[in-house]
Structures are given as C-alpha cells and as structure tokens.
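Student: The chain contents come next:
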Amino acid sequence: MTQINVRVDGASYTDDVEPRTLLVHYLRETLGKVGTVVGCDTSNCGACTVHLDGEAVKSCTVLAVQADGSAVTTIEGIADGRTLHPMQKAFHEMHGLQCGFCTPGMIMASIDLVGDNPDPSDSEVREGIEGNLCRCTGYQNIVRAVQQAAAEMRGGEGRHAAPAGADAGAQA
Amino acid sequence: MIPAAFAYARPTTVDEALEAIASGGEDVKVLAGGQSLIPVMRLRLAAPETVVDLTRVAGLRGVREEGDVLVIGAMTTHSDILADPLIAQYGQLIAQATETVADRQVRHRGTFGGALVHADPAGDLPAVALALDAEFVLVGPNGRRTVGAADFFVDYLTTTLEEGELLVEVRVPELAEADGWGVRYEKFNRVAQAWSIVAVAAAVRREGGRIAEARIGLTNMGTTPLRAGAAEAALAGADLSLEAVTAAAELAAEGTEPSSDLNAQGDYRQHLARVLTKRALTAAAGL
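Those sequence lines, one after another, are chains P and A. Here the first sequence stands for residues 1 to 172, where the numbers follow this note's numbering. Here the second sequence stands for residues 1001 to 1287, where the numbers follow this note's numbering.
Bear in mind the hints are in silico, worked out from the structure with no lab data behind them. Incorrect hints may appear among the rest.
Just the calculated beta-carbon pair ranges, DEER-fashion [stated by the list, open to error]:
1. P:Ser123 <-> A:Gly1209: 46 to 52 Å
2. P:Arg154 <-> A:Glu1065: 32 to 38 Å
3. P:Gln140 <-> A:Leu1157: 36 to 42 Å
To give a feel for the contact side, a few chain P residues facing chain A, derived at Cβ under 8 Å [said to hold, decoys possible]:
4. Thr2
5. Ile4
6. Pro19
7. Leu22
8. His25
9. Lys58
10. Val62
11. Ala109
12. Asp112
13. Gly115
14. Pro118
15. Glu130
16. Arg135
17. Gly138
In this text, a Cβ means the ideal position worked out from N, Cα and C, and glycines have one as well.
Bound-form chain P, shown alone:
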C-alpha cells in the first residue's frame, strides 16, 4: 500500500491505496464519488473524465498513486451549491443527453475544451470531445450545449466565468 494525499472537489484526503488502484476506482469506491462512471474497458469512452490539476484526463487510465499531491475535480465538484455550472445547465437546457451515462465525462471534457478555446466552432467542438462517446444523442444537441455554455462562460461575470481558473485555484 502507498499513502496518497489528494484534494478532490475541494476537500483533502489521505488514504492508503494499492498501486494498481485506478483513479476512477479510488474516486468511486474509496471516496464515494460515484458521479464519475466507468463506461468501457479500453480507455475509449471518456465517461470517467475528470480534471487532474486542471487538465481533463481519463481517470480509468491514471493510477490513484499518480494523483498524489494533486487536485482532482469531478462532476460532483463543479456546481455552486444548487446552482449548476454553465456547462451542466446548457446540457440540461439543450437536451444534450438521453440516458445520461456519458454526461459526466462529456461535461468535464467540454469544460476543458472551452478553457482552451472559448468560442469553438461546430467542428472544433466535435474534434474537441472526440475522446467521449455518446451512444444516444447523435451529438447534435451536445454540440449545441457546449456552444451555449461557451457563450455564457465567455460573457458571464458570474462565479463560473472561468472554470479553468477555478481548477487552477484548487491546486495544492
């Protein structure tokens, strides 16, 4: 067992983990952060996407020990109390989901994309979230949702105007 110290969604944790524990399993099973889901066994689907020190990663393809000393943000850590993050709100309003299983990863990847490209075109959104698979929607409404959220995040003076910065601020 190896001891790790991580900040997850703003709270600090110290745990002993087996080196082979995947970050996603640590989040779900040790911390109970079941908002982050496992959708495949091949690192393709992106459903488990979280932010590690502000960058979107597939948490099934990172060892929990590799997150030692880092800050992790999951889908459970982006809303402000009962106020949804603009990306969550846009997925809701634009019907960017049907079954919802891919949604946590879609939202985390999309926030990462908009952090790099605040005003993505249709094709930039599609390429930007190519690491996330949705088997229900055909992506049309996901693209609309990401663009709506991007517009709000660009123009908004609200708390979520700079989610990438919020991540950076959470770094240890």
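Since chain P is already given, all that's left is putting chain A on it; use the hints.
Tutor: Chain A in isolation, oriented as in the chain P frame:
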C-alpha cells in the same frame, strides 16, 4: 478490469530511475504517460512485477534549443508539445502529427518519449522521428549513448533500448520556413481516436524553383516506421512541380510489405501510401 498487483517505484532523478529498473526484478515496465501501458495492464496483456513511474523525474519534461537542434525531453506530454513555442516555430511536422494522436484527454497524459519507445507501427510519432532522422539519447547502467532513428526502431513494438536503459531525450533538426522547409502529416483513419490505417509524414526543402531535399516517413506500412526512399531519391533536385511530386508519390510504397488486417488489406495500404504521399508532398511543397 484492474491491473494485476505490482511493486511501484517513483524515482525523482534519472539515477534513481535506473536503480529502480535494475532492482525491479524480472519484468519491469517504465511508466511515462501510461496511456498505452495502463490499458494493456488493465487487460492483463502485461502484468509487470515492478512499475517505475517517471512522472516525478526532474529534467525530462520540456523542449529546448541547442544550436539548430530541438531537444525534446522524453516526458514532454503531447499537450506540452502542442503549446510549445519552439515546436510551433521549428517543429511543425511533430505538431501536426501530435494533434492527431488519440484525443485531448490522452494528449494531456501521453508523452513524446513514451510514444516513441512504445514503437507501435500505427503510432504517429515514430514515422515523424524517422523522417527527421531524430537522435535518441539513451541512458543506462553503462552510461549514455545516442542512436539514430534508423537504428532505433527494430521491429513491431521493439526498439534498440536494452534492458535497464531509459530514453531521456530526443534531438531533431529544426526545420525553418526561412530555409525553405515545408511539412505535412497526412493521416488516414475512419473514426475518432483511431490509429492510423496509413499515414505519411513529409518534409520538403525548396530552393530556387527546385526541390533540394524531401523526407518521407510512412506510418503503419510495416512492422516499423519506414522511409519512402525511392520517392525521396526521385525528388532530390527535381523541379518544384505537381508533375514531379505526382511521379515521386507513385514510388511511395516501393519495397513495403504492409500487413493485412480488419482495417485494410496490404495492397490497399500501398494504394493509400501513394495517395497520401502525393497529398502530403503537394501541401509540404506549397503546390
């Protein structure tokens, strides 16, 4: 699935890393970005006794300039490469290929050195390294040595790295637009995140209406990355014209024996190599 149990070492210097590899037992795997290793461990296709994680080793990450050479640290991530000003100026062929690697999540973790040492013939960076005649700086128990790209890639998923050795940096020549260089990476695949079915890395140096030099690397046209030598030879000193490029591209698959698999038959891969070479050369030459 969950990987089989392993001992984990997290060295902070190259010397500590070499020591951890030497004392790690029979089956030691070096973890760079983990974007290929962790999936194969999860599928239990690999079950190493010891994993040596290079993430905390100082000095392996980043790009610097030595004269007219770019020195790229083995642990530089694909995202670092895409954000690097030196790469933007002198390493456009690397940047274009890196942009096509997997997806943004994988590019945040995956590393330049890891992708080269993994030596997957369908990977995008080996053919680029070969086209650029990159030099691989290896450190091991017996010291430091430098190997050219032509000798580095030995076979399917196999490099010249010996047991206990570590890739620390890769040296590539700067290709400056001001010197007449133009580049293009042309990749053919069918779905998002997919590996190259075939891809072509081309760099062309123009000089006074002629092609002074062309370098062409082929991805997934054999068990290792390959150079399209016949096409390169046909272009040396040729007119800077669409006719010359078209004729040379016809030679792109000469001497190759690409595999047949679910994605493509061997002869179709050869066809793709010719078509993609023409496209890559045309763009690189600015025609």
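Student: If a hint holds in the structure, say so; if it doesn't, say that too.
Tutor: Verification of the hints:
no.	hint	verdict
1	P:Ser123 <-> A:Gly1209: 46 to 52 Å	violated (36 Å)
2	P:Arg154 <-> A:Glu1065: 32 to 38 Å	holds (35 Å)
3	P:Gln140 <-> A:Leu1157: 36 to 42 Å	holds (39 Å)
4	Thr2	holds (6 Å)
5	Ile4	violated (11 Å)
6	Pro19	holds (3 Å)
7	Leu22	holds (7 Å)
8	His25	holds (7 Å)
9	Lys58	holds (5 Å)
10	Val62	holds (7 Å)
11	Ala109	holds (7 Å)
12	Asp112	holds (7 Å)
13	Gly115	violated (11 Å)
14	Pro118	violated (15 Å)
15	Glu130	holds (4 Å)
16	Arg135	violated (13 Å)
17	Gly138	violated (14 Å)
Hint violations for this structure: numbers 1, 5, 13, 14, 16, 17, all remaining hints satisfied.
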